[in-house]
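Residue numbers (numbering that gives the first Met the number 0), protein chains in the order written: chain A, 0 to 76; chain B, 0 to 602.
Check before you lean on any hint, since a few could be wrong.
Some chain A residues near chain B, calculated using beta-carbon distances under 7 Å [stated by the list, open to error]:
id : residue
1  : 11
2  : 15
3  : 23
4  : 32
5  : 35
6  : 41
7  : 45
8  : 50
9  : 52
Non-contacting residues of chain B with respect to chain A, defined by C-beta distances greater than 10 Å in every case (computed) [stated by the list, open to error]:
id : residue
10 : 199
11 : 211
12 : 358
13 : 373
14 : 374
15 : 416
16 : 443
In short, the hints are calculated from the structure, not lab data.
We put the CB at the ideal spot given by N, CA and C, even for glycine.
Read off the chains here:
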Amino acid sequence: MESPRQIEIWFFIGALLFVYGVLITGAGIYHLVNPPPEQIALRELHSDLWWGVLLLVLGSVYSTRFWPWRRRVPPES
Amino acid sequence: MMTSLKRVFCTLLSVLVGTATSLGNPTEHGSKQLMSITPLDLLIVAFYFVAVLIIGFYLKRYTKTGEEFFMAGRKITAWVAGLSFISANLSSLETMGWSAMAYQYGMLGAHAYLIGAIPAILFLAVVMMPFYYISRTHSVPGYLKLRYGEASRSLAGISFSFMTVLVCGVNMFAMAKVMQLLLGWNFDVCIWVSSATVAVYVALGGLLSAVFNEVLQFFLIWLGTLLVPILGMIEAGGWTKMLASINAQHPGQNFTSLWANLGSAADNPMGMHWTGMVFGLGLAVSFGYWCTDFLQVQRVMAAKSLRTAQNGTVIGSVLKMLVPVIVTIPGLLGLAVLTQKEGITLVPESVAQATGGHSFNEVLPLMMARYLGPGLLGLGVTAMIAGFMSGMAGNVSAFATVWTYDVYRPLIRKDASDSHYVSMGRWSSIGGVFIAILTAYAAKFFSNILVFLQVLVMFFIIPLFGVVILGMLWKRATAAGGFWGFLAGILTSVGEFVYVHVFPGYFDAAHLNPDHVRNIAMTPLAQDMAVNMYSALWSLLVCVGVTVLVSLVTKPKTREELKDLVYGLTKIPDEGPTPWYKHPNFWAGVVFCVLIAVNIIFW
């Protein structure tokens, strides 16, 4: 019996990075208004915001590229 | 309505992002806790656990046969094989430990990623992989069975099984300890949550699950740690200013060279001569670890074709050479930034415990705490947890394979069905985790065990490399030669370890006896790492010597019996025409040239 088609690892990675991107970008936006109380070096660079966006972009690209439920066009006979 | 929604949203955000928290009991020392994390960070950690469990449950349906459970169906692609191959080695013990090395010894610490890895990985790809792959064995001990016979396989299988679960326990202990010290988390909760998660996803998905999680972990480690060198470089003012700062703070000491300070053991803080680095690390340790440690080799042996396995290994070598960016550079930045900006000087562990200061091992967490705010810190902590857990999972999946195929099947139950062996693989994964938990608690209560376990890997894999490489390249090597050479190598390794820790009238695993160290490492100045390098070299030489001598006086196998196992009697399968730019040998050559260039640039 043939195994069902397997979801690729890249999709799982994309999905997790997307979720992390949303959370960290959200935190970055929040910190624009309410700077974190801790003494974080270089916090004026807002690394959480642009790193969150990077995760969001990476996650979106991987999730979309390896989306497992995409309808496959059957080959023409 | 909108106002109240906005208030709820703002409250939720401030609770998630703004409130620092720590879980569980205070640290055992009752002193510092390096990081404070927010509920947002905890949420990020929780998502990781959910993701790995989902992957484990999802992959169970694809691991029904022995080939699928133990070898991931032999259908892994080159990139997945390469990423997994390197990830299995990129545990948090490794990243934290080598960052500490960089802080303590400077650029010398980067050798583990250069001469201490790359030549061996390329050798595995070009020379050894065809033998592993064509023999269709499930494991490195399995190759020994085919080449030397049952006795060598049993010795390797039993010693490897024993070693992997103990190393898994060390990983578990280290993770719980690190989380306790960094975040104040409860030791027992860390042990049980992480081990239960690993047991579930490896028992369900076998090697495939471990490989998936290792690839995931690779991304998390890079994305969770890469900001440290980026922001550190910005703060330090760039590479040149960082080096200038290090040199200004440590006048007369060379922290920024790979080779210039290895002319004499007295010229560097490792107490290492260049011969130890080249022949000890670059030959014995490196080739033993990368070419015959089944934990590593299993990942590429499961590739879908020989060429894929070779290309995956070469990809792994490139990824390995990049690791100093997130390991060595943070250590060097610690030297430049922590002292200059914060007035913090890190000290050895024993001094830190006595004085309440920070130890070398804390350099990476300190740098993370310095640059990563709420959210990013959660990602960094997740990367560390993922690093520890994938290290455990790698050991457990390798243990399950070797236990089932190289111990249980030949020695306990020879003729069972494939489904029985898969079931044994699942149960042995859980059993392996349980033994690892016992090891972790043993390490907690008897700290000397930890010293022993840290060098345990070297006891077995270096002699193993000696017999495997002779078996692959020398037709005359015999079954008796392989067995006695392997055993002699193991006994030499153990004997050297005992010898350097023996003092008149007592044994102390935590300290070196300089009078004995002189006889092993050629200088009494040698520190732990230098002693390990030379010990490895001598045990390799003893193993090879005994294998050769015994082989010369015993009867070799016939040419027919050695077909597809030995150089000269193995026909490499034709996998069709390949353009030069897709050939593993071409890329291995390119990587080797880059390795030489890097060594010259940072000479």
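Against the earlier hints, flag every one the structure doesn't satisfy and list their numbers going up. 4, 7, 9, 11, 13 and 14
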